[in-house]
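Enquirer: One letter stands for each residue in the lines below.
Number of protein chains: 2
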Amino acid sequence: MKFLLTTFCLIATFLSSVLGQSPQWNEVAPGVWKARIGTPESYDLISASGASPKLEAIAGLPRKAFPLFKENIKASVTDGKTYLAFPLEKEEQLYGFGLNFKTVHQRGRILRLHVDHYGDSDNGRTHAPVPFYVSSSGYGVFVNSARYLDVYAGSGVRKDSRNPPPATDRNTDKNWSARPYSDAVEILVPAEGVEVYVFEGPTPLEAVRRFNLFNGGGALPPRWGLGFTQRVERLYTAADVEKEAAEFEERGFPLDFIGLEPGWQSKSYPCTFEWDNTRFPDPAALVSSMLGKGIRLNLWLNPYVSPSSSIYKDILPYTGSHTVWVGAVPDLNTEKGRSLLFGKFRKEAIDIGISGYKIDEVDGFDEWLWPDVASFPSGISAEQTRQTYGVLMQRHITAIYREKNQRTFGLVRASNAGGVSYPFVIYNDNYRHEDFITALINSSFSGVLWTPEVRASKTAEEWLRRMQTVVFSPMAMINAWSSGTKPWSYPEVTEQVRQMALLRMQMMPYWYSAFARYHFDGTPPFRAMNLEPGFRSDLSRVTENTSLEENPYQEAVRKEVKDQYMAGDYLLVAPVFTGQTSRKVVLPEGRWYDFYTGAYVGNGEIISVSPGLEKIPVFVRDGGIIPMMPARMHAPRAGEKTDIEFRYYGEKPGYFRLYDDDGETFDYEKGACSWREVRIERQNKDGLKTSISPAEKGRPDLLGKITWKKMTP
Amino acid sequence: MKFLLTTFCLIATFLSSVLGQSPQWNEVAPGVWKARIGTPESYDLISASGASPKLEAIAGLPRKAFPLFKENIKASVTDGKTYLAFPLEKEEQLYGFGLNFKTVHQRGRILRLHVDHYGDSDNGRTHAPVPFYVSSSGYGVFVNSARYLDVYAGSGVRKDSRNPPPATDRNTDKNWSARPYSDAVEILVPAEGVEVYVFEGPTPLEAVRRFNLFNGGGALPPRWGLGFTQRVERLYTAADVEKEAAEFEERGFPLDFIGLEPGWQSKSYPCTFEWDNTRFPDPAALVSSMLGKGIRLNLWLNPYVSPSSSIYKDILPYTGSHTVWVGAVPDLNTEKGRSLLFGKFRKEAIDIGISGYKIDEVDGFDEWLWPDVASFPSGISAEQTRQTYGVLMQRHITAIYREKNQRTFGLVRASNAGGVSYPFVIYNDNYRHEDFITALINSSFSGVLWTPEVRASKTAEEWLRRMQTVVFSPMAMINAWSSGTKPWSYPEVTEQVRQMALLRMQMMPYWYSAFARYHFDGTPPFRAMNLEPGFRSDLSRVTENTSLEENPYQEAVRKEVKDQYMAGDYLLVAPVFTGQTSRKVVLPEGRWYDFYTGAYVGNGEIISVSPGLEKIPVFVRDGGIIPMMPARMHAPRAGEKTDIEFRYYGEKPGYFRLYDDDGETFDYEKGACSWREVRIERQNKDGLKTSISPAEKGRPDLLGKITWKKMTP
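Same order as they appear, the protein sequences are chains G and H. Everything in the first sequence is counted per my numbering, starting at 1 for the first residue and increasing by one. Everything in the second sequence is counted per my numbering, starting at 1 for the first residue and increasing by one.
This list has only true hints and no planted wrong ones.
Which copy is meant is left open, because identical chains are indistinguishable; a pair holds if it fits in one copy or across any two.
Calculated cross-link-like contacts (lysine-lysine; reagent style DSS-like; alpha-carbon spacing at most 25 Å):
| id | residue 1 | residue 2 |
| --- | --- | --- |
| 1 | Lys90 | Lys102 |
| 2 | Lys159 | Lys336 |
| 3 | Lys243 | Lys293 |
| 4 | Lys313 | Lys159 |
| 5 | Lys705 | Lys641 |
Just so you know, these hints were derived from the structure itself, not from any lab.
Bound-form chain G, shown alone (with noise of 0.2 Å):
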C-alpha cells in the first residue's frame, strides 16, 4: 500500500510537473494573491528591499475578486527551473516588467529581465527589470525572484492553446503573420521554486496602487528634493562649489541642492569614500556654509571599494570573489560589509550634514560589474546580487538617514521590486530625449522614479526643450557637469528657462501633494497614459517596409503613444523635442484645459497643439485644481509658511487633497502631516465657491495667504 501510494505520488508529481498544476492561491492582503511554487528561495526581491506592506492603505482600495480563471494559471517545476503561464485574453495589454525607454506596451515581447545599463533595446536589461506587469484588464502579475527571468509576454503559441491562432500558408495567404496571436504570459525562473503575487484592482491604476502600497508604498522626498539641483565639475573645489552656487543666486536661478561628482574623494573608480583634502580641505564647513544659504549637497558614489580606503582592510573578508575597476565588492548581505561601508558614509558625510547620494555603477555593464560566476561570502549568489545591489544601497542608505530622522533625496543607477519606498530617482548614460520620457511613463508601471535630466544640447532649442521636460518630472537635475553648460549658457532661451525653473518652485505645493499620494495611497506621480481613465491607446500595426530583402519577415511595427505622461492629479504633459514646432496630443475621455491660459482644448480626441518655443504642452483635466506657491529660490524650510493661490480649471467642481508636513523629518509617519481638502466650484456667472478644511488638530498648519483664481473664462 505505502509502495503504491510513494508510486501514485511520483506519478503526480511527474505529471503535474509535466503538464504544470494551477497553484493554490492565499490572501495575504486585501485583493494581493499569493502562490507558493515548488521550494521557492529565501532571498528574494521582497526580502531584499525589507519592503513591508501598508495593510491599512491596501484596505482602502476598492475590491473585487481574484481577477483570472484560477484553473489557467499554470506552474511546474522541471529542469530545476519553475514553469509559470498566465492567461490572455484577445485584447488585452501588457504594461511593466521593468523600465523600458522605447515601448510602453510590453504585450509580445520577450525579455530577460536583467539589472543593466540600457543598451538601446527593450530586451529586459535595463536599470529596473522589475518582475511586475499590469494588464489593461485591471490586474498585476509579480513574480518575486531575484533571479534573471526569461518573459514571453504574449509570445509562444502553445499546442494545447485555449486560442489557437489558425495555421495559415505563406506561400499564398496574406494574412500570414510571423508572430501568430499567444494567450499566456510564460515565465521561466532559474531556480526550483517561486512567490507569485496576484494584484487585483478593479482598474490597471489600482493594480499598480496595490502593487506599491504592498511594497511599503511610494518615496516621499524631502520638499528641498523638489526644487532644483545642479551637478559640478568632478574636480571642483569647495571654492569653485561655493561660487556656482552664489552664481545661480546671483542670476536667480533656484538651486535646493548641489551634486559632487567623483573628484570630493581621495581617489575613484574604485572609491576611498574620503574627502580629498587638497580640493575640500575643510568639508563640514563647506556643508554647514551652503546649507546656510539653503543649500544642501549630495555625493556621487560607486560602492567598490579602493586599496587606499581606510576600511579597504577590514571589508576584505565581507567582500565578492571578484572586484570592480580592481575595488573590493561589498557584500551588503553581510553585517559585517554593511557596517563598515555605511559606517564609513555616516561619518565622512552623512553626519555632517551630505543629504544624500549618487550612486553610480550598481547596474552595469557586464564588462564592469562581477561575473556571474562570482561568489559572495553571504552565499547569495552573483545573480542575484546583481539584481539586487541598487535596492540594498537604497535601503541601507535610506536606513541611516531615517535613524537621523532626516529625509534624503537622492539618485541610483539601479533598482527593482521592493524598492518603492526609497527615496532614489533612476539615471543612466543615454540621452535621447525621446527615450527619456518613455521611460518617465514605464516608471509609473514598476514603482520607479526616473528623472529625464538635462546634461548638454546642441542647440539653445534643445536645452530649452529638455529644461521643459525636467520640470515636470520627479528631480529636476541639471547633469551638465561634463558639458560645462549652465541654465544661462544659452543666452537666447535664458530668461525662458528661468521662467521654467520658477515654475517648477511655484508648483511645489502641487508636487509635493502627488509624491505624497505615492507614498499614502500608491499613485505614481508621473505615470502613463495607459493609467488614465477614458484613455484610449489606439495601438495599431503597420508594416512599414515590405520588401523582402530588408524585411523578410514583413514584420509589422508598433505604434503607440509614448510621448505624453500624466503628472499628479490633474496635468497631461505633452513635451515639445527638439525640431518640431507642433505635435499631436491624445487626450482622455473628459474635458481639458490649457494649463497656462484655462481655455478648453478638446474631449477624448486627438488634438495638434503648436506651443512655441517658450512652452511645453501641459493640459489640465476638467474640474483640476493646481496649488502654486510663489516663485522662490529655494524650497520652505521646515515649519515656513507659504501662500498658495489655487488654480481652477473646467466646469466640473473641482477637488483636490492638499499634503503638507514638516518637509524634512519622517514624523509625517507618525501622525504629523495634515491632508486639507480642497473644493471649488463655479457659482453664479463669474463667481467660483471655494472651501479648505483647516488643518487636522496637531497637525502642521504651513499655508499662507490662500487666493483663488478661475483659469476658464
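Please arrange chain H on chain G, whose structure you already have, making use of the hints.
Expert: Relative to the frame of chain G, chain H by itself:
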C-alpha cells in the same frame, strides 16, 4: 570516526565548491584531454551530434604536453551551476566562441552562447555559438554542454588573481582603464556538471585541427557542391526552373545546383514537406530532367509541421509543447519523431533525387521559435533542444544520404560543436559584406562553414564585389530570388562576373583538395589569418571618442584585421568592398606573390593594393601550387577525368597534395580516394623540375592531361 570523516568530507566539498578545485584530466585521444566536473548531463553537444573522433588522424598531429598549468584551472559546482576558470597569460589572444560577425579577437568579451539569428552584436547569440576557443598560445578549450553558457573571456578581475592589475584613481590618473587586465576565462554552465576538453596545439591551427578531428573531421562535399548554385523565386513552377537553368547555359554561366524556395511545397511556414502539384505536377520528372543537364535540386524548408501535412497527426505526440507559426515542432530526440519527419523527406524528395536541403529557421528568433518554457516528449529541455536543433537536422539528413551512399551539400541556419562533419553551410539574413567576411574568418575557429552569399546589390560595383568573395568561399551561392537579380543583371559587369564564376570552376581541384584536408586533417578550407604561421595580428586599441558626454568611460575601440583570410593551403584573399579603390593587406612572414600575375608583392609587411574593379586581391605563399582545370559549366561527373594545370608561384620548392575520389559517394571513407604528391622547383634559369606521384594502386585516377605553369618570372 565515521562522523568525523563525514564532517571532513562535507567541509572539503564545501571548500572545493567555493574555492574551486583543479579538475582531473584524462587523455582521451592523443593531445585531447578531458575532465568531468560534477555530474555531467547525458545530453551534450557531442552526444547530440553523434560525432566520433578520427583517432588515427589525431595521432598523426604533433604532440607536446598538457598546455596549461593544471593547478590554474578551477572548477566547482555551486547554486546548481558549474563554474569553470581557465588561466590567461598577459599577451594571449583568444579566438572562437562560434560564428561572430564583427570581431575576431574575443579576449575581454562577455558572451552568452545561445543559438539565434545573429543580431548585429557579437554577444554569443549567433547561428553557431560553439563553446570552443583557441588561444594564440596554441591550445583549445571546449565545454561540451548544450546549455546556454555565460562566458567571461578575460573580463572579470578576481580578488585572488595571480597577476592582479593595480587599482588606479580615475580622478587624476590618465592610465585609468574601465577594463583592467583579467587573467582568466570564466564560464558558467547552468547545470550541475559538465565535460570539458583541452586540445593541445602546439600551434593554434593544430588545436583547431585536433578539435575538428575529434568531432569527426570536416565535411567533404560532393564535387558538384563546389560549383555555382542559384536559388529561384519562391513561387516558381517546374517550367520556370527549367527556363532559369537554360538561361544560365545560354549565357555561359556555370551552374551545379538550383535551390527551390518555399513554394515547392503545398504550404509553408509551417510546412507540409509535400510538393505543390499545381506548380510541380511531376517532381520526379523535373529532377531527372535537370540531372540530365548536370544540375541538381536543393529544397528549402523549415522543420515545423503544418496541420495540412500527411504526417501531422502521427507526429503530434512527438512534438514540443509549443508551436512555431502554429506548426508542430518535431522532437528530434524521439526515434518516432525522427522517423516520421525524415521518412517524409526521404519519400517526397530524397528518393526521387533531390540533392540536399536548405534548413531555415532552426536558429531564431526567440519570437518565432519555441520559448525556453517549452517542453519536449524526450525530456530534453527547450534550451538544449534550441542549442542542438540545427545539428540534429544536419545529422539525420546526412544519415539518409549516407544510407543511399550519396553525398549531399546543403545550407543550414544553425549549428554547434560536433557538427563539423556534416556537409552544410551556414547562412543568414544579414547582408553587410564586411560582416560576411568576418564570419568566414571566424567559421574556421568553430568547425563550421559559412557562405557570404550574394543576394542583391545597389550597384554593379557591389554586385561584382560580392560575387568575387562568394567565389572564394565554401559555397558559391546566388540567393537573389527575392530581388530577382541574376548574375547578368548588371550589363556593365556581366563579363567580369562570368569570369569570376569560371575562375571558381577552374579552381575546383584546389577547393576539393582543401575540403579533403578539412575532412582528413581537420584543416579549415577557409580560415583566419590568426591560424597562419608568421601572421602578426597587430591588435591595437584606440580611444577615438574622448568626449565624456558621448563616451563617458572613454572606452577604446579595438582595431583588428578582420577583412582578409586564407583559402586552402596557399591563398590569401583580401576582398575589396564597395566604394573602396584600394586597401591594405597584412602579409604574414615569408614571400608572397600576386595570384593573377605571379609577381612578388611583399614579405611580412603591410602592403597597399589597388586591384581595379574586375579583380579581388589574392596572394600566394612562396612555393604555392594551385591546380586548375579548364573552365566548365558543371562539376566533373563521377569518374570523369579532368585536365589540370599546376600553377607554381615564388622561389621556394613547392609541394601540393592533390586529392581525388569519385566526387559523389561515401566510398572515400572506405579508401576509394587518392592523394597525389605534387612537387615543383625551379631549375636552371627558366625551367621547372616537376613531379607527381601516381594514384595509389586501386585508387581513383581521374587526372587527364597535366601541364605546369611557372607564374613568377
